[in-house]
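**Q** Take a look at the letters that make up each chain.
There are 2 protein chains.
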Amino acid sequence: MSIYSETNAQFIHGLTNLSAILEKAATWAKENGKTEESLLTAALAADMYPLVRQVQISTDMAKRAVARLADIEAPVMEDTETTIAQLQARIQATIAFMQGISDAQLDGDDERPIVVMAREHELRFTARSYVYKFATPNFYFHFTTAYDILRQAGVPLGKRDFVGAIF
Amino acid sequence: MSIYSETNAQFIHGLTNLSAILEKAATWAKENGKTEESLLTAALAADMYPLVRQVQISTDMAKRAVARLADIEAPVMEDTETTIAQLQARIQATIAFMQGISDAQLDGDDERPIVVMAREHELRFTARSYVYKFATPNFYFHFTTAYDILRQAGVPLGKRDFVGAIF
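Protein chains in written order, with our numbering: chain U, 1 to 167; chain X, 1 to 167.
Among the hints, a few may not be true.
Pairwise CB distance ranges, derived in the manner of DEER restraints [stated by the list, open to error]:
| # | chain 1 | residue 1 | chain 2 | residue 2 | range |
| --- | --- | --- | --- | --- | --- |
| 1 | U | ARG124 | X | THR126 | 28 to 36 Å |
| 2 | U | ASP103 | X | GLY108 | 21 to 29 Å |
| 3 | X | GLU122 | U | GLU31 | 28 to 36 Å |
| 4 | X | GLY100 | U | GLU31 | 48 to 56 Å |
| 5 | X | ASP47 | U | ASP47 | 22 to 30 Å |
| 6 | U | THR126 | X | GLY100 | 22 to 30 Å |
| 7 | X | GLY158 | U | GLY33 | 33 to 41 Å |
Only pairs whose alpha carbons sit at most 25 Å apart, straight line, appear in this in silico SDA-like list of lysine to any residue [unchecked claim]:
| # | chain 1 | residue 1 | chain 2 | residue 2 |
| --- | --- | --- | --- | --- |
| 8 | U | LYS159 | X | GLU122 |
| 9 | X | LYS159 | U | VAL163 |
| 10 | X | LYS24 | X | ALA165 |
| 11 | X | LYS159 | U | GLU81 |
| 12 | U | LYS159 | U | MET48 |
| 13 | X | LYS159 | U | TYR49 |
| 14 | U | LYS159 | X | VAL115 |
| 15 | X | LYS159 | U | ALA46 |
| 16 | X | LYS159 | U | ARG119 |
| 17 | U | LYS24 | U | GLU37 |
| 18 | U | LYS159 | U | GLU31 |
| 19 | U | LYS159 | X | SER19 |
| 20 | U | LYS34 | U | GLY158 |
| 21 | U | LYS159 | X | ALA153 |
| 22 | X | LYS159 | U | ILE91 |
| 23 | X | LYS30 | X | THR83 |
| 24 | U | LYS34 | X | ALA46 |
| 25 | X | LYS30 | U | ALA46 |
| 26 | X | LYS159 | U | SER19 |
| 27 | X | LYS30 | U | MET48 |
| 28 | U | LYS24 | X | ASP47 |
| 29 | U | LYS24 | X | MET48 |
| 30 | U | LYS30 | X | MET48 |
| 31 | U | LYS159 | X | ILE114 |
| 32 | X | LYS24 | U | TYR49 |
| 33 | X | LYS159 | U | ALA118 |
| 34 | X | LYS159 | U | THR80 |
| 35 | X | LYS159 | U | THR126 |
| 36 | U | LYS159 | X | PHE125 |
| 37 | X | LYS24 | U | ASP47 |
| 38 | U | LYS159 | X | ILE57 |
| 39 | U | LYS24 | U | GLN88 |
| 40 | X | LYS24 | U | PHE134 |
Read the hints as simulated data drawn from the structure, not as lab findings.
For each residue, glycine too, the CB sits at the ideal point set by N, CA and C.
Bound conformation, chain U alone (with noise of 0.2 Å):
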């Protein structure tokens, strides 16, 4: 397997685990009286964005980077989800088109050109300075994010939800 491959797999699997926590958060809600709106809505800081835009950039950046590895169009997706179970639907759709894309259409040359637009930059990576500086801490970041507003919040999670299963 490419570095592009284990790359997709990686990001499936953190939101294999994201998918897992916002199950956990769904059932606490519920237990303690809590509306979903309140976790969707809770952020760490003003100025941060809140669970719901956390877990819709996770997907966003996990999706988009292997869409430019394999030199395709990523799904479009509205950001108009309002419950627990919208962002379920919309993580496993994620899911399901990452797992359809092949390692072939993922490998390639290192050098290839990779270019992602910021704002009004263009910021020009390779294959590999993609993943390395771009793709990998950004998925990294929001997903993390996300399991410190829900930890935050009073939800009973611990870094095994984060990591997942290993094996």
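Place chain X on chain U using the hints.
**A** Chain X in isolation, oriented as in the chain U frame:
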């Protein structure tokens, strides 16, 4: 460069960004009449590690990952830091250790066994699965949580500080 050398470079890059983030935190604390202690003891939940531990563990995850991959001993560091300057020294010592490991030391069979003791449990990996399933998510987990704690405390930081210089 092998994925092992890339991982070393990636974690050094992350620790460099963490150092710059802590520098901004120290400056912010001074300018806003906050004590460094109030930042270092801040946590996102009562049963989560405070900032000082998140930084310590970020360095531990990084140094232990590359030490295991190179099959050498990582330097032992006492967890006694009480100031940002002391954490900066720890980060610099960690980076110096990691920079001293050659690509040749890190390279090797993807299937070579890596064993991690997690409390009472032995986690058994191959070098390759260790990078993707343990070292990478764990490093970014603690680094992101350190960033999140400082964002919540009010330190003016942005995603750019986390991702750092890309080129």
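**Q** Under the criterion that the straight-line Cα-Cα distance not exceed 25 Å, is the pair LYS159(X), THR126(U) satisfied?
**A** Answer holds: LYS159(X) to THR126(U) is near 21 Å, not above 25 Å.
**Q** Does ILE114(X) lie within 25 Å of LYS159(U) when you go C-alpha to C-alpha?
**A** holds, 20 Å
**Q** Given the hint of 22 to 30 Å, check if THR126(U) and GLY100(X) actually sit that far apart at their C-beta atoms.
**A** holds, 26 Å
**Q** Range first: 22 to 30 Å. Now tell me if the beta carbons of ASP47(X) and ASP47(U) are that far apart.
**A** About 26 Å separates the Cβ atoms of ASP47(X) and ASP47(U), which means 22 to 30 Å holds.
**Q** Below or equal to 25 Å on CA atoms is what counts here, so check LYS34(U) against ALA46(X).
**A** The hint holds at about 20 Å.
**Q** Going straight from one Cα to the other, do LYS159(X) and SER19(U) come out at no more than 25 Å?
**A** Roughly 24 Å between the alpha carbons, so the hint for LYS159(X) and SER19(U) holds.
**Q** Please verify whether LYS159(U) and GLU31(U) have alpha carbons no more than 25 Å apart.
**A** holds, 22 Å
**Q** Are LYS30(X) and THR83(X) close enough, with their CA atoms no more than 25 Å apart?
**A** Holds: LYS30(X) and THR83(X) sit about 13 Å apart, inside 25 Å.
**Q** Please work out if LYS159(U) and VAL115(X) have their alpha carbons no farther apart than 25 Å.
**A** At roughly 18 Å apart (the allowed maximum being 25 Å), VAL115(X) and LYS159(U) satisfy the hint.
**Q** Given the hint that LYS159(X) pairs with ALA118(U), test it: the Cα-Cα distance must not exceed 25 Å.
**A** The hint holds at about 12 Å.
**Q** Hint check: LYS159(X) vs ILE91(U), CA-CA at most 25 Å. Holds or violated?
**A** It holds: about 23 Å lies between the C-alpha atoms, which stays within 25 Å.
**Q** For the pair we were handed, LYS24(X) and PHE134(U), check the Cα-Cα distance against 25 Å.
**A** holds, 22 Å
Consistency with the previously given hints is maintained throughout, with no hint failing.
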